[in-house]
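Engineer: Sequence:
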Amino acid sequence: MPRPLARRAPRAITRRAALALALLGGPALAQEAPPFDAGRFRAFAASSAEFQRQAAALAAARDTRPEVKAFAAAMLRFREDQLQRLERDVRTGGGPWPPALEPEHRVVLENLQPLDYLALSRRYMEVQQQALEQEERGYAAAARQGAAEVRQGAEAMLAEVRRWQAEARRAWAAVAP
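Under mature numbering (1 follows the signal peptide of the UniProt record, and there is no 0), the letters of the sequence shown match residues -30 to -1, 1 to 147, in that order.
Incorrect hints may appear among the rest.
Listed next, with one range per pair, are the computed distances between beta-carbon atoms [to be verified]:
| hint | residue 1 | residue 2 | range |
| --- | --- | --- | --- |
| 1 | Glu137 | Leu88 | 15 to 21 Å |
| 2 | Pro5 | Pro84 | 40 to 46 Å |
| 3 | Gln122 | Pro84 | 37 to 43 Å |
| 4 | Pro68 | Glu130 | 17 to 23 Å |
| 5 | Ala118 | Glu37 | 21 to 27 Å |
Quick caveat, the hints were computed from the structure, so don't treat them as lab data. We treat Cβ as the ideally placed atom computed from N, Cα and C, and that holds for glycine.
Model the full assembly from the supplied sequences, consistent with the hints where possible.
Structural biologist: Here it is in structure tokens:
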């Protein structure tokens, strides 16, 4: 019997992360890594940032644990700033704006909406940690394999993502079962 969609969302992020890593130049088993695709990287980075902005707005606006609410409010500000920077990069590269959410991002966001208080606090922080890990892998690949202008921005964002990962772990500690 298939598990409910809400249960499959973390696995969907993991599958999507594997696909994104393959597209972004992550190592593949028994084959050479595909070339880095800057357009695909920018589209995925924009989708991830928009997904995290919307998830943060939801967690910040709802009745969540104070630690999570504070984290979400700070994340919301960060993502709004990041999206402005990404918009410049995407438009410069000739890509479409505003970003379209990847299907997996859309599903996870929809699964967060009916939750409240502790359930939302925990699930938001779980999702946030997964998204940040996925983002770290993508920006690390871009920093290694992208063109010079992509590498520079990716390296700067990679440092920010790692800082947010530490913040997410602290917020998770407040709500972990």
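Engineer: Against which earlier hints does the structure fall short, listed by number upward?
Structural biologist: Number 5 only.
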